[in-house]
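Engineer: Taken in sequence, the protein lines are chains A and B.
Quick note on the numbering used here: the first sequence kicks off at 28 and runs consecutively.
Quick note on the numbering used here: the second sequence kicks off at 26 and runs consecutively.
Calculated from the structure, these hints are not laboratory results.
Since the structure is predicted, the reported quantities are computational estimates derived from the model, not experimental observations.
Each residue gets a CB set at the ideal place from its N, CA and C atoms; glycine is no exception.
There could be a bad hint or two in this list.
[To be verified] Over 10 Å on every C-beta distance to chain A, these chain B residues come out as not near it, computed from the model:
| # | residue |
| --- | --- |
| 1 | T79 |
| 2 | E115 |
| 3 | S119 |
| 4 | P133 |
| 5 | T184 |
[Claimed, not checked] Chain A side only, calculated, beta carbon under 7 Å to chain B, not exhaustive:
| # | residue |
| --- | --- |
| 6 | F58 |
| 7 | S170 |
| 8 | L171 |
| 9 | D172 |
| 10 | K176 |
| 11 | W187 |
| 12 | L190 |
| 13 | P196 |
| 14 | P200 |
| 15 | Y275 |
| 16 | A280 |
The lines below spell out each chain.
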Amino acid sequence: MRTLRQIAIWVALPIILIILWWALTARGASFFVPQPAGLFSKFIDVWMGERLLTDVLPSLGRLAVGLVISTIVGIGLGVLIGSVRWVRWLLEPLLEFLRAIPSTIMIPVLLLLIGINDTMKVVVIVLGCLWPILLNTIEGVRSLDEVLKNTADIYRFKGWPRLVFVTLPGASPLILAGIRQSIAVGLILLVVSEMFAATDGIGYLIMNFQNRVAIPEMWSGIVLLGILGVMLSAGFQLIEKRILRWYYGLKEAANDS
Amino acid sequence: MTASEEVRLHISGLRKIYGLGTSSEFEAVKRLDFDLHAGEFACLVGPSGSGKTTLLKMIAGLMDPTEGEVVLNGKRVDGPPEGMAVVLQEYARSLFPWMTVEKNVELPLRVAGLDKATREERIAEALGAVGLEAARKKFPWQLSGGMQQRVAIARAVATHPSVMLMDEPFAAVDAQTRGELEDLVRRVWRQLDMTILFVTHDIDESVFLGDRVVVLSMAPTVVQDDIKIDLPLEREQLGTHALPRFAELRKHVYEQVQFAKTNPGGIHSSTDERRRTV
């Protein structure tokens, strides 16, 4: 009953907005503004066919590869920087500088260095997605409870077991928050990199439709991106809830007492 | 159960000066010598500011002494030593919240490389000893404070330590739970033939629990007094606290602690003789 109500609340506003949109455009609107029914059928036409394989899938593949690389590199480097003080002192100013560079500005450079291919797009995604994960991992490793660290010392946990059983689980709430941010950043960078230089992909197609003044088609791509964003974030939330079951329970217990 | 002559923990000439060579130099521990024998239950008691925490960290290998040494089973301690388990005061923060009770108890055994069957046996024994078999699959934060501390004790007990160090383990629980935990520690000590060094600021607790009470002075810390507690082996909250002998011993320890408060750096009060019977 409660979940039903929650779902109702969750979909109510979008439904109202769509009705409003329909009402306002029903008697015909500007050439650049699509109508709901038309947009829906265009959406099916454009995306639910061959393009799913030729454009949507390659885009999602780039995003996935970029996110996986960012996660591995971010956690690996983050654990190292977070646990070794001199490495942190050495690298922190450099990291601050690198982080301040918007990764999109690297696209022209990467085009020259790497060329127009998937590697270039994945590199752009990694350059942007690495930071939330890296910085959150560093913070997560550093802020591990002193008493827990003492406990790990007392029982002589070192090396791999310490990493797997203490450091990473302890840092996991922050690491996962970093990954969640990276997913949002990654989707943006994916589209931007495809708009600049690509022969396929969602970003390329949207640009292509715009150039050909195929307005409803262009809008349908934007809708697709919105849907993908929501699906990715919802999917990740499910994973997060599972992994961090202990964390939410702990917080709830702390609030109760 | 009587203490044997086998020395488990040997502490000699232990000294700690913080900020050595700076203007804020502070001598926390002046000179400490004592031996803990196999099977003993010794309580270290002292007023706050008596360097208990410093001493404990040095014994646990979490901090290096300035001078002197801690020797566990003939091996000098220069890091957390094998064969020592520590129960800390902050039970809620010393258990891994991402693991169930049984996983918390199992982890040190697993890291030490014990096989599955032995681990299972140890977990069952330790959780049985603290009466928490039913909570195996629970997470620590689903338990009350007293139960969490019992998990921490079980985790320490499961490693079969040659010395179990306890740092004011019951200072943060309510009085009722505290009494139960004291009875439990006595029972576990006898049942599993353990050697325990128990640090506390509570005089009652030290007399009730220990078969020996070591009184520490104010910083710079020395051993103020070392008292044998000749209460019966079988102890329980109501009966033992009501014994005339308990009152006598309590009074004696109380006087020594009072004396320790005003005498940093250890001038011995009535006698220099160690480990005497009151």
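Engineer: Please check whether the beta-carbon of B/E115 is more than 10 Å away from every beta-carbon in chain A.
Structural biologist: Nearest chain A Cβ is 5 Å from B/E115, so the label is violated.
Engineer: Min Cβ distance, A/L171 to chain B: is it shorter than 7 Å?
Structural biologist: 11 Å, violated
Engineer: Would you say B/S119 is clear of chain A, with no C-beta pair closer than or equal to 10 Å?
Structural biologist: Nearest chain A Cβ is 5 Å from B/S119, so the label is violated.
Engineer: Could you check if A/F58 really has its C-beta closer than 7 Å to a C-beta on chain B?
Structural biologist: 57 Å, violated
Engineer: Given A/P196 as an interface hint, is the shortest Cβ-Cβ distance to chain B below 7 Å?
Structural biologist: Holds. Min distance 4 Å.
Engineer: For the hint on A/L190, does the least C-beta distance to chain B fall short of 7 Å?
Structural biologist: Since chain B brings no Cβ nearer than about 12 Å to A/L190, farther than 7 Å, the hint is violated.
Engineer: Would the non-interface assignment of B/T184 survive a Cβ cutoff of 10 Å against chain A?
Structural biologist: 7 Å, violated
Engineer: Can you verify the interface hint for A/Y275: is its Cβ closer than 7 Å to any Cβ in chain B?
Structural biologist: 10 Å, violated
Engineer: Taking C-beta pairs only, is B/T79 more than 10 Å away from all of chain A?
Structural biologist: Holds: least Cβ distance 14 Å, greater than 10 Å.
Engineer: Test the statement that B/P133 is away from the interface with chain A: the closest C-beta pair must be farther apart than 10 Å.
Structural biologist: Label violated. Min Cβ-Cβ 4 Å, cutoff 10 Å.
Engineer: Can the hint on A/S170 be confirmed by a CB-to-CB distance to chain B that is less than 7 Å?
Structural biologist: 13 Å, violated
Engineer: May I ask you to test the interface hint for A/W187 with respect to chain B, counting a Cβ-Cβ separation under 7 Å as satisfied?
Structural biologist: 10 Å, violated
Consistency note: the structure conflicts with the earlier hints numbered 2, 3, 4, 5, 6, 7, 8, 10, 11, 12, 14 and 15.
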